[in-house]
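Colleague: Residues per chain are reported as follows:
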Amino acid sequence: MNNVFVYCEIEEGKVADVSQELLTKGRKLADDLKCQLEAVVIGSNLKGVEKQIIPYGVDMVWIADDKRLYPFTTLPHTSIIVKLFQEQKPQIALMGATSIGRDLGPRVSSALHSGLTADCTSLVIGDHEDKKAKKEYKDLLYQIRPAFGGNIVATIVNPECRPQMATVREGVMKKEILSDAYKGKVKNLEVEKYVKPEDFVVTVIERHMEKSKVNIKNAGIIVSGGYGVGSKENFNLLYELADVIGAEVGASRAAVDAGYAEHERQIGQTGVTVRPKLYIACGISGQIQHTAGMEESSMVIAINTDPNAPINAVADYIITGDIATVVPKMIKYYKENTK
Amino acid sequence: MKGLKIVVLAKQVPDTRNVGKDAMKADGTVNRAALEAIFNPEDLNALEQALRLKDKYEGTEVTLLTMGPGRAAEIIREGLYRGADNGYLLSDRAFAGSDTLATSYALSCAIKQMGKVDVIIAGRQAIDGDTAQVGPQVAEKLGMPQITYAEEIVGIEKAKVTVKRRLERGVEVVEGALPMMITVNASAPDCRPRNAKFVMKYKHARAVSEMQNVAEDYIALHNNRPYLHIGEWSVNDIETKEEELGLSGSPTKVKSIENVVFQAKEAKVLEPTDADMDELMKELIANHTIG
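As given, the protein sequences belong to chains G and B, one line each in that order. Sequential numbering of the first sequence, starting at 0, is according to numbering that gives the first Met the number 0. Sequential numbering of the second sequence, starting at 0, is according to numbering that gives the first Met the number 0.
Quick caveat, the hints were computed from the structure, so don't treat them as lab data. Computed from a prediction, not measured in an experiment: that's the story for all the values here. Hints may contain errors.
The calculated lysine-lysine pairs, modelled on DSS-like cross-linking and capped at a C-alpha distance of 27 Å, are [as the list claims (entries may be wrong)]: (1) G:K195 to B:K111; (2) B:K254 to G:K131; (3) B:K254 to G:K192.
Some but not every residue of chain G turned toward chain B, in silico, with C-beta under 7 Å [as the list claims (entries may be wrong)]: (4) R101; (5) A117; (6) T120; (7) T154; (8) C160; (9) V213; (10) A314; (11) Y316; (12) G320; (13) I330.
Coverage of chain G stretches by chain B, computed from C-beta distances (three or more under 8 Å per stretch; other residues unrestricted) [unchecked claim]: (14) 67-76; (15) 105-114; (16) 192-203; (17) 260-269.
C-beta: ideal position from N, C-alpha, C; glycine also.
Bound-form chain B, shown alone (with noise of 0.2 Å):
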């Protein structure tokens, strides 16, 4: 099918995957300031999908859309440099203390101000939350249908898309008719390398809020190449109700965070000696734990 409009959900994540020694302070809590931002893992299984149908079908055009911090167009950038057409940042004050109801509410309204939009695709679940809500929630807020748990877009004919998605205990193959909002899993193919060709072109890529204290000379460089500008709105630039917004708009509210703090307790040390394994096995086998 010609002439796709995909819109890539994507969000930039601290990597709590790699949560080394420095990453927990002293009393054993955690030291954000000391984890990288990263593209969430699952979101950039999602581009590649979006990629692979920019390159089957003609004139198919794939937007990112973010949520976040200034500093969260770096994910923009990054899918530029992967093939993405363009992209927007979605980033206010008023989004602050969002949870997911609240953040879908904010997404979906700049998914309206997009026009049409035959897919959305976005990762399954962020790595810092793991709640797998966002996509299902604007997909509910847009009244479009959804796939959740795709490992593959098949492909789109007649506007009808077929997709299969990977299960606990299985795999499945549906379809169904546009638009629609596809989740997709790790299972999913990685995503392409960046392309040195966009990288090129868009290194100097940028959002508003990133050229606050910029040379004059980069200001003329983005008049001159508009591909530059990264798109980015504020509350007043989407149509929005200020209710459904922030703290206001979220119907859980945090009432205690526990830091896990790893508490020591008494453990036998053994050496990798034959006398120690041989011990240990003794030891496991008299108390009945194998054997």
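So here's chain G without its partners, still in its complex pose (with noise of 0.2 Å):
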């Protein structure tokens, strides 16, 4: 009762990273609460995927475990979180903003009149005072998100309602596993006693899922592109340069909006979060969406014809000037420099 739960996605047989970071967020935030921390985990062939979660601080995994439930659809992912929270009574679920989490937990929350927050950023315990009512609030979870474009940040909170539910984008938090020693219980739930045949109305009848290709999130390196490259034929000097510093190429939203990279590419607050010794961002005009996902990198390089332009805010090195100049004599003079 009155615990931290995360629901734990599952991936090709295994946790998702999402999943596992928000795992170390939900034991900061129950040692905070000084409660405990519990896992849900639904899918099929899924003996022994506590050993995937009880490191990160869990005290309960809960696993419901039937060939109809993998891949994800939404009915009966639904009805068991439902039932089960209804059971359990957590006062915070956490879940990934992936295509399932953006799915199933919207759901959830209209099922349990709980509020529910996307995307959230940042999240931390903390009280809260509702003037009007004149009620205090003690220990509530601060859900705290860009909103508008990305041109405020919002906190969030749910007084009354429970779970207080939220929703983190993959690479937001950080993943660090507690102790391997860590000593978890493990429940299997009945499932026919969650799910009703009617949940079980949309069938997955084709899928191809590819292993992420683009690395982004874990490059040391990288080199970003904006709207400002103005073209793809343009997005090509980033690949070049990208090729002979060892770097990954990103982009922002208004590049990937306009068809000049591809999604996976995406750095921002709808795309991942990255933290890169070096982010080279080039025609990117660094609107508070974009900057929300690199400002974290340890050095800024930016590139862009508008002196005035907002990225150059959090630039440790600014150049003034068109991509098509400015790219190939950095290519050219690092290779002098390396000969």
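Grab the two chains, each in its own frame, and use the hints to assemble them into the complex.
Modeller: Printed below as a string of structure tokens:
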């Protein structure tokens, strides 16, 4: 009762990174609240899955294992979570802001009439005072997220409704094993008691999943392009530079929307968050929804024709100029100086 | 499948993608008034999917539903220009302050008013909040299954819909029985442009709250052409529980809002010259940042 729950996603038989990141954050929140951390896994062939969960400091793992539960479909997973939450009454429930968590989360929150905050970038425990109702609340979950295209940062609370639900994108929280020797319990749910036959109304008839080829999340250097790059052809310059200096290519949302780069390269509020040692921002104006995803880079070089581009505020080096001029020069002088 | 009844959920949003210089005030906060109000981009993708079903299946009716202030009727007109059959604006002060759950509740009550609906199609998320919650929450309130992240509604045969979904790491084809809520990604085809014929037909279409200060001949025009009348519902026109609406129906509360102010920090300014680029590369190599 009154514990912190994390919904663990399964990806090719493994617990997803984002779920383990949330377990690490969940452990921290549970410590602050002096309560337990529990995890729910729903899927098929889950034998031994707790070994990927308990070391993050999980006290209880709930497992629903049934061949109809993988791949993910909305209704059976919703039914299990809703009933389990009604029985266990968690105070906080966290999910990944993925195509699974963002499908399941709102459904669960609607069924339980509990508030859900999407894509949180920070979660902390704090008190809240409702001045109008003259009520004080202790130890609520502050759900902090950018809104309005990232131009504001809002702190959201759910004073009355439980669980307080939040989703968080992959790569935003850090994942850290607490102890390989951590002792947690495992409980297998009797799936039949949690799902109804009509929950299986949607069936998956085909699936083509590919391992992500792009790995910008763990790249040490990122050459990133924005709308200002101007064309898909100009983007090739960024690939050339990345190739030469051993970097990955990233992109802003505007560049992805314009078709210059694939979605999996998107950095920022609606893409991935990165922390490379060097971030080279090419033709990126630097709206907060982008900088939110890269401002923890150790060093930032901003290349932009606009000397007043907002990106310059987070830059260590500002180069005012055209990509087509600057990037080839960088390639040239990198090669000359490394000979 | 003939005679489908489709509802498209759409939202008028500030164009947060084009936050230009005049959209930021001198103190670094957002100047909302400078942002254009637009048809939420993914809702246009949703509308296109609905219109393709209408092209494919005879007798299909596409109805737009939006919630917002009077001026949100603009996006109903925009939908009519592109081929929707009709639309409703849900507008009332009672809805003010709604979070996603209270919004979903109000929308679901309006949809119940429309009788039998086979498919509800919405954009995956709106660019002013990026929550992706309203579609699934409306579905839950209506007891309807959902298919999110749709890239293409492949077809509807024997009351079963087949949908191709675009996920982070691949594609999935799913099928399910109607009625169904489907939310559509930006990776779906763009919406068709306005059709000149429909622009002519509907350019005078107005919702009640837009008719407050118009000339008499305009009212006469509307009386003669009922299709110019954009349906507008207030809280009294739909069946709702008051405590589920607006602020009181919203479990989430905004504790605080912080405008993001760009902070200046010391940076080295370089020219795009050979000398500066040479210097930069030498520095980066010397401090082991690259190489």
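Colleague: For a quick check of understanding: which of the numbered hints are violated here, in increasing order?
Modeller: 3, 6, 9 and 13
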